[in-house]
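The task is simple: from the sequences and hints, build the whole structure.
There are 2 protein chains.
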Amino acid sequence: MAKAKTNRRMTKRDYEARVPAVREALIQLQIALQPAPFPVLLVIAGDDASGKGDVVNVLNGWLDPRGVETLAFHDPSDEERDRPPMWRYWRSLPPRGRMAIYAGGWHGDALAADPRSPRELARFDATLARLAHFEGLLTEGGALVVKIWLRLSQSAQGDRLHELEADPDTAWRVSPDDWKFHRDYERRVRLATRLRRATELAAAPWHVVEAADPRARNLAIAETLLARFQKHLRAHATPPAPKKPRRITPLRATGLRRLKALPLHHALSESDYEAKRDKWLGRLNRAVRDATQRGRSIVWVFEGWDAAGKGGAIRRLTSAIDARDCRVIPIAKPTDEEKSHHYLWRFWRHLPRAGRVTIYDRSWYGRVLVERIEGFCRADEWRRAFEELNDFEAQLTAHGIIVLKFWLHISPAEQLRRFREREVTAYKRHKINAEDWRNRRQWAAYEVAAGDMLALTDRPKAPWHLVPADNKRFARLEILRASCRQIAAALEKD
Amino acid sequence: MAKAKTNRRMTKRDYEARVPAVREALIQLQIALQPAPFPVLLVIAGDDASGKGDVVNVLNGWLDPRGVETLAFHDPSDEERDRPPMWRYWRSLPPRGRMAIYAGGWHGDALAADPRSPRELARFDATLARLAHFEGLLTEGGALVVKIWLRLSQSAQGDRLHELEADPDTAWRVSPDDWKFHRDYERRVRLATRLRRATELAAAPWHVVEAADPRARNLAIAETLLARFQKHLRAHATPPAPKKPRRITPLRATGLRRLKALPLHHALSESDYEAKRDKWLGRLNRAVRDATQRGRSIVWVFEGWDAAGKGGAIRRLTSAIDARDCRVIPIAKPTDEEKSHHYLWRFWRHLPRAGRVTIYDRSWYGRVLVERIEGFCRADEWRRAFEELNDFEAQLTAHGIIVLKFWLHISPAEQLRRFREREVTAYKRHKINAEDWRNRRQWAAYEVAAGDMLALTDRPKAPWHLVPADNKRFARLEILRASCRQIAAALEKD
Numbered sequence: 000m001a002k003a004k005t006n007r008r009m010t011k012r013d014y015e016a017r018v019p020a021v022r023e024a025l026i027q028l029q030i031a032l033q034p035a036p037f038p039v040l041l042v043i044a045g046d047d048a049s050g051k052g053d054v055v056n057v058l059n060g061w062l063d064p065r066g067v068e069t070l071a072f073h074d075p076s077d078e079e080r081d082r083p084p085m086w087r088y089w090r091s092l093p094p095r096g097r098m099a100i101y102a103g104g105w106h107g108d109a110l111a112a113d114p115r116s117p118r119e120l121a122r123f124d125a126t127l128a129r130l131a132h133f134e135g136l137l138t139e140g141g142a143l144v145v146k147i148w149l150r151l152s153q154s155a156q157g158d159r160l161h162e163l164e165a166d167p168d169t170a171w172r173v174s175p176d177d178w179k180f181h182r183d184y185e186r187r188v189r190l191a192t193r194l195r196r197a198t199e200l201a202a203a204p205w206h207v208v209e210a211a212d213p214r215a216r217n218l219a220i221a222e223t224l225l226a227r228f229q230k231h232l233r234a235h236a237t238p239p240a241p242k243k244p245r246r247i248t249p250l251r252a253t254g255l256r257r258l259k260a261l262p263l264h265h266a267l268s269e270s271d272y273e274a275k276r277d278k279w280l281g282r283l284n285r286a287v288r289d290a291t292q293r294g295r296s297i298v299w300v301f302e303g304w305d306a307a308g309k310g311g312a313i314r315r316l317t318s319a320i321d322a323r324d325c326r327v328i329p330i331a332k333p334t335d336e337e338k339s340h341h342y343l344w345r346f347w348r349h350l351p352r353a354g355r356v357t358i359y360d361r362s363w364y365g366r367v368l369v370e371r372i373e374g375f376c377r378a379d380e381w382r383r384a385f386e387e388l389n390d391f392e393a394q395l396t397a398h399g400i401i402v403l404k405f406w407l408h409i410s411p412a413e414q415l416r417r418f419r420e421r422e423v424t425a426y427k428r429h430k431i432n433a434e435d436w437r438n439r440r441q442w443a444a445y446e447v448a449a450g451d452m453l454a455l456t457d458r459p460k461a462p463w464h465l466v467p468a469d470n471k472r473f474a475r476l477e478i479l480r481a482s483c484r485q486i487a488a489a490l491e492k493d
Numbered sequence: 000m001a002k003a004k005t006n007r008r009m010t011k012r013d014y015e016a017r018v019p020a021v022r023e024a025l026i027q028l029q030i031a032l033q034p035a036p037f038p039v040l041l042v043i044a045g046d047d048a049s050g051k052g053d054v055v056n057v058l059n060g061w062l063d064p065r066g067v068e069t070l071a072f073h074d075p076s077d078e079e080r081d082r083p084p085m086w087r088y089w090r091s092l093p094p095r096g097r098m099a100i101y102a103g104g105w106h107g108d109a110l111a112a113d114p115r116s117p118r119e120l121a122r123f124d125a126t127l128a129r130l131a132h133f134e135g136l137l138t139e140g141g142a143l144v145v146k147i148w149l150r151l152s153q154s155a156q157g158d159r160l161h162e163l164e165a166d167p168d169t170a171w172r173v174s175p176d177d178w179k180f181h182r183d184y185e186r187r188v189r190l191a192t193r194l195r196r197a198t199e200l201a202a203a204p205w206h207v208v209e210a211a212d213p214r215a216r217n218l219a220i221a222e223t224l225l226a227r228f229q230k231h232l233r234a235h236a237t238p239p240a241p242k243k244p245r246r247i248t249p250l251r252a253t254g255l256r257r258l259k260a261l262p263l264h265h266a267l268s269e270s271d272y273e274a275k276r277d278k279w280l281g282r283l284n285r286a287v288r289d290a291t292q293r294g295r296s297i298v299w300v301f302e303g304w305d306a307a308g309k310g311g312a313i314r315r316l317t318s319a320i321d322a323r324d325c326r327v328i329p330i331a332k333p334t335d336e337e338k339s340h341h342y343l344w345r346f347w348r349h350l351p352r353a354g355r356v357t358i359y360d361r362s363w364y365g366r367v368l369v370e371r372i373e374g375f376c377r378a379d380e381w382r383r384a385f386e387e388l389n390d391f392e393a394q395l396t397a398h399g400i401i402v403l404k405f406w407l408h409i410s411p412a413e414q415l416r417r418f419r420e421r422e423v424t425a426y427k428r429h430k431i432n433a434e435d436w437r438n439r440r441q442w443a444a445y446e447v448a449a450g451d452m453l454a455l456t457d458r459p460k461a462p463w464h465l466v467p468a469d470n471k472r473f474a475r476l477e478i479l480r481a482s483c484r485q486i487a488a489a490l491e492k493d
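Residue numbers (numbering that gives the first Met the number 0), protein chains in the order written: chain A, 0 to 493; chain B, 0 to 493.
Please keep in mind that the hints were generated in silico from the structure rather than gathered at the bench. Among the hints, erroneous ones may be present.
If chains are identical, the list can't say which one is meant, so a pair holds when it fits in one copy or spans any two.
Claimed, not checked - In silico SDA-like cross-links for lysine to any residue, where the CA-CA straight-line distance does not exceed 25 Å:
#1 K230 to K427
#2 K278 to T10
#3 K430 to Y445
#4 K275 to D166
#5 K278 to D63
#6 K332 to R382
#7 K471 to A260
#8 K338 to H349
#9 K242 to R95
#10 K278 to R12
#11 K471 to I30
#12 K332 to P93
#13 K332 to R95
#14 K460 to A487
So this is what it looks like as structure tokens:
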């Protein structure tokens, strides 16, 4: 039996005859990848003790190490544990033109949990759904995701563990868990099947490779990678260019109606404002401290018209929060590093640690506002984005982050008044430029886009607060009040 | 007595009369800073319970929060503990055009250690020297570093602690340590004095501000910041442009002589090479595992002529290392984020965690090689860099990181042969471009610069290995041998 198996193995001679061409092709792949508009993610996952590490090392020897990075997820660091589970995978992503090999993939963490009880299995399934969603995002963003599953029979697994233990150089790699899993082989294989099913995507299918014969295994993996890359390169070398839409029509009219119906004028005397403001600032201070002392983080999102008063509102807010725990992230043009990643990467990047606060001055909603209107992304991209943004926020709230979203709404007449004021006031002049005037001419388009955003991304756990802001003082109070209420409600459920 | 003190305090009326102008000036500062070629670092340090947090919050209320970030160093995370102590400060640095307020500064960590024994005090002094060096680097890199020290008398400190404890909103801020330090006031003040003396720099002096009167304190700090900024802006608005030097003359002739004297031809048969290579790869694998299992990190640095074989050498190296613990960082043109920071920032950024390996393919030595020769930095900058680079590496080795530096040396004739080979070989053509030919014409200049580098940055704990590389196989063996030896020697001292 053992003999028969050996016979089926690829001979060293055959292997060595084929390796040079494969290596040459891999180097060519790397050359072709450099200018390509996408990254390559190669996942090497597999059954326990199936030789994932060996495969990764062989591939690294074949590739030019300067264009590829190997990533393995060890125990999460405290900075990682402080954020939603997917954060560590997001931060690891290679920029376009580069390749990353994931030893074990993000799937390894899920399998390491070794779920058994129905409850653990339900959590496992939820994790898998999240991983599938993540892979969907990446592939829809253009990334090539090649997922290899190394399959190893129980007897071959036993042979391999014995073999590793026999060699003093590799004996340390065999842990008691490995033998435990070996005895429990059937159950582990069922988990793996469940994992592969849940994360099987048309754009990122699993390639199951027999792992018992290392030579055949290495060649099969390289050839799979090469074939997938060639196909992907043909399909994605020049992605369809986005173009500026001629008209912006609503997807869901309710949002636009909600905006149009908002009464914008609210009287509020200066003295009345000051008394109320101080009361609410005090409350907000306590609410934020309550939250952060329990390890809850808070994310504020500010969107709204140019000159709607986002900056002033943020300033009032920060005056009530301990500055040592709070960061304000102004979202402007992405840096070149940011541009070479998925559009959500730069927002993941700035997520607060547990017990800290991040205020985004403009946000991920740029995707369905300016990017939609100016044609910075394609129609299929911004259409898809509503769900993507909802899911992103769902990950934050599931991790216990309190997400507060504000749309500051003003009338065109009030905006004009503020633009003119900015132009004649020395210390405000830097706040107005030609782009603001250009945006203003597209009022109707922005109104439609904002309406769709409000209609499609208003969620119970991450609701939009629509703030009438023609009266700045009233708007600021509204923001304080709504923030206090939402934080208190979130903490009550603890 | 308490009465007299109250009388000296600034009245609310006086304060409110002066605040608007100060706030206006701070906003103007932020506007002027945006296009400036430097960042602003404002350190708010001070005696225990002197109100550092309050000051930071007041300043944040006055400034536009979109242009300023507040940083406070809490307990180090495990990712921070895994790297040299200064890593957490480097990663926090603002890019040019932005301001960061450091609550407690990097000085807070040093004082929190509360040194008492002569040994602890010696360590304290060493920390302070490192902080002073850090500030020197930043200011010489153009940064404006404004350091405020809040001074509080023992009686005022007692008053403040009582006051904080009396208010339910602030009582949590008083810890048993605060009272302990209060009783030990004299000793704590001596430590603070020692700290200020050791970190007093002409370009980054301490501004001592009396903290007992919060209003006067706030205004004094804002005015200090404004004055320092105005002066700095005048001096640094247009830093002297670097220019390409006409001739490159050696600073230290020994390095150039060492290079010229290196015999480049070494015979080595293919079969002899293969046998030896496998032996040394095995040894290297064990050496790296020995190191990483003990939590030691390894940093390899590869420098050398174009086509000297850096890529091939790195590839052989990585074939012996578990790819899951190893990253190769190719150093090319900096990204725009990297360009907006101190030139060392991008190297700090990629330092390995404990027990991991980073291979830099080209490195921080670009400062004294291509930047010196092409005039990408000024003469005073590259001259200073030798010491800066030595110090950077000293921080790595002091943290237990093993630093292996290789210069791959070939003859001009051999380079020409390889360039031509690259031009005619399909899969090598991407490796040669016009810049390589341009660099080649400056052979003598690079030789001088490399000689100076070898002479001035060869240190016992981070020595340069000069590798004759006309024979690629010989060079690869040399690198394996030297790496094994240096790692073994470093571990022996454990």
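Checklist entry - Out of the numbered hints, which ones does the structure contradict? => result none
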